[in-house]
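**Student:** Modelling step: build the complete structure from the supplied sequences, incorporating the hints.
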Amino acid sequence: MSQLAKSVPRVGLQTRAARSARWRERLPAVLAVLGLLGLWQLVVWGFSVPTYIAPSPGQVLLAFDENAAILWTNFWPTLFEALLGFVCGNAVAIVLAVWFVHSQLAERAFYPIAVFINTIPIIAIAPILVLIFGNGFAPKIVIAALICFFPTLVNMVRGLKAVSPATLDLMRVLSASNAEVFWKVRIQSSLPFLFAALKIASTTCVIGAIVGEWIGSNFGLGALIIEATYNFRAPLLYATVFTAALLAVSLFSLVSFAEARLIRWKAPAVH
Amino acid sequence: MSTPAGHREAAAGAAAVSVEGLHVRFGTGESAVTALQGVDVDIAEGALVTMLGPSGCGKSTLLRAIADLVPVSEGRISVHGRSPDEARRDRDFAFVFQDATLLPWRSALDNVRLPLEVGGGGESHAEPEALLELVGLHGRESALPGELSGGMRQRVAIARALVSRPRILLMDEPFGALDEITRDKLNEELLRIWQETGTTIVFVTHSIPEAAFLGQHVLVLAAHPGRVKEYLPVELPFPRRLAMRDTLEFVRITAHLRALLEEC
Chain X
118 MSQLAKSVPR VGLQTRAARS ARWRERLPAV LAVLGLLGLW QLVVWGFSVP TYIAPSPGQV
178 LLAFDENAAI LWTNFWPTLF EALLGFVCGN AVAIVLAVWF VHSQLAERAF YPIAVFINTI
238 PIIAIAPILV LIFGNGFAPK IVIAALICFF PTLVNMVRGL KAVSPATLDL MRVLSASNAE
298 VFWKVRIQSS LPFLFAALKI ASTTCVIGAI VGEWIGSNFG LGALIIEATY NFRAPLLYAT
358 VFTAALLAVS LFSLVSFAEA RLIRWKAPAV H
Chain L
224 MSTPAGHREA AAGAAAVSVE GLHVRFGTGE SAVTALQGVD VDIAEGALVT MLGPSGCGKS
284 TLLRAIADLV PVSEGRISVH GRSPDEARRD RDFAFVFQDA TLLPWRSALD NVRLPLEVGG
344 GGESHAEPEA LLELVGLHGR ESALPGELSG GMRQRVAIAR ALVSRPRILL MDEPFGALDE
404 ITRDKLNEEL LRIWQETGTT IVFVTHSIPE AAFLGQHVLV LAAHPGRVKE YLPVELPFPR
464 RLAMRDTLEF VRITAHLRAL LEEC
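Residue numbers (our numbering), protein chains in the order written: chain X, 118 to 388; chain L, 224 to 487.
Treat the hints with care, since some could be wrong.
What the hints assert, rightly or not - Some chain X residues well away from chain L (every beta-carbon gap over 10 Å; in silico):
#1 Thr132
#2 Arg139
#3 Arg275
#4 Ile324
Stated by the list, open to error - Now the in silico label distances, taken between C-beta atoms and shown as ranges:
#5 Glu352(L) to Trp216(X): 39 to 45 Å
#6 Leu465(L) to Trp382(X): 31 to 37 Å
#7 Asp265(L) to Ser373(X): 57 to 63 Å
To be verified - These stretches of chain X come out as covered by chain L in the derived footprint (C-beta under 8 Å, 3 or more residues):
#8 276-285
#9 295-303
#10 376-382
Source of the hints: derived by calculation from the structure; they are not laboratory data. From the three backbone atoms N, C-alpha and C, an ideal C-beta is built for every residue, glycine too.
**Tutor:** In structure tokens:
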């Protein structure tokens, strides 16, 4: 904590310079996006593409404004499902990883099953879960959780095992207990691996929720995508897709922010 | 804190480490490898002994057996009259590895504190801040290992080893990965720390000049299987200075060591 307090004034002094440097770094990306939007608008105009096939950026923007209410009402269920799926899927994965690291028997017994579940396309599992859990929130949350589960399990197991033999020797010379090795060493050294997985999960959980909503649902961004497609409301469809993407990007940014806060040390490359 | 004179007096007394008929074998059956065969050695209290030998001579294995990191197949090791296991639980010795093995998420100071937080923490301990000063890292307490140079990281590792006031410091090629200039500097500082703390030091190295410069005695080991070749006293006065390495006496000693290693 004292470290934090000390670094505050320095950050304050550097803020302006750092901010302008950050903007200069992002400028190419901003220009590229604006350029692509302009190109899109030109193509739609130049080839007189009908709106129901591909709307122009302007029309999509208009659709955001006109459908704000309907977008919001369908945004919240999807956010709820994605978040709950994220929490549940990752929590189960972390607990299993801890168990696997402590029990080779458990790892040998259940790891192949986890791999098998991961190989089933999520699109194929979705109808099965809808049959079991009905049309409410439950199947969407389960699908979002399932899609988060596997990358986190694999990474967390690797992370918990990524302790050098020399460090384990050190802990042995210090007569550290297994619990001390776990809390003082393994958990910390697994964090970079965990966050690599959480970043993947932060975007896939939104995909999971939307796939869940495609199959027999009348709420959520996924349902709205289906509805807009069937009614040829292309601007609304695009607006919905962008909303979903924005949701995923926001969750990703949140996880990245938490990572930067929690891991201040430079980790060895995590892949 | 004893004086250099105190060292020599104590050196004549009880053994800090006593190894009798030590055999260490790895694996079983056909693939079994004999790392050490019939090693006998006594290391006096307060002594600074370096272990030198070609690769495969088991010098690291001997050190690790003393530290209870490698099981003894045959024979006996006693550390201050106790088994290595008991000595380890009492924090009778500390170990410095070739790699500094600092926890990268902990500051230098928190790394030095680690031994106080695990394994019961030991009974008495030195001030972590004072130890960082002793190893020349005053002002870098809050630096993360990633922000320190290799030499500085190894200094932190030495401070961490000293924090539970061990009576014996076991060092496994601690400066092996450092450049020569840093290594020379740390050699001198290790001698200073040894004289200030009165700790018994067993130091494994594959460098002939380092073995001769640091050691009161050099334990030369031969390979395949690992065994004691010679236990050689180094007749150079303390405090030792780097300039001594240009003296005829020093060259005579290193030449002798080199000849011994060639026979191994």
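**Student:** Now tell me, hint by hint, if it's right for this structure.
**Tutor:** How the hints compare with the structure:
Every CB of chain L is more than 10 Å from the CB of Thr132(X) (nearest about 22 Å), matching its label as outside the interface. Interface exclusion of Arg139(X) from chain L stands, the closest Cβ pair being 23 Å apart, more than 10 Å. Look at Arg275(X): its CB is around 17 Å from the nearest CB on chain L, clear of 10 Å, so calling it non-interface holds up. Look at Ile324(X): its CB is around 32 Å from the nearest CB on chain L, clear of 10 Å, so calling it non-interface holds up.
Under the hint 39 to 45 Å, the C-beta atoms of Glu352(L) and Trp216(X), about 40 Å apart, fit the expected range. Separated by about 35 Å at the C-beta atoms, Leu465(L) and Trp382(X) satisfy the suggested range of 31 to 37 Å. Roughly 59 Å separates the CB atoms of Asp265(L) and Ser373(X), a value that falls within the hinted 57 to 63 Å. Counting residues of the segment 276-285 of chain X whose beta carbon lies closer than 8 Å to any beta carbon of chain L gives 3, which reaches the threshold of three, so the coverage claim holds.
A stretch counts as covered by a chain when three or more of its residues have a beta carbon under 8 Å from one of that chain; for the segment 295-303 of chain X and chain L the count is 3, and the coverage holds. With 3 residues carrying a beta carbon less than 8 Å from a beta carbon of chain L, the segment 376-382 of chain X meets the three-residue requirement, and the given coverage holds.
Checked against the numbered hints listed earlier, the structure breaks none of them; every hint is satisfied.
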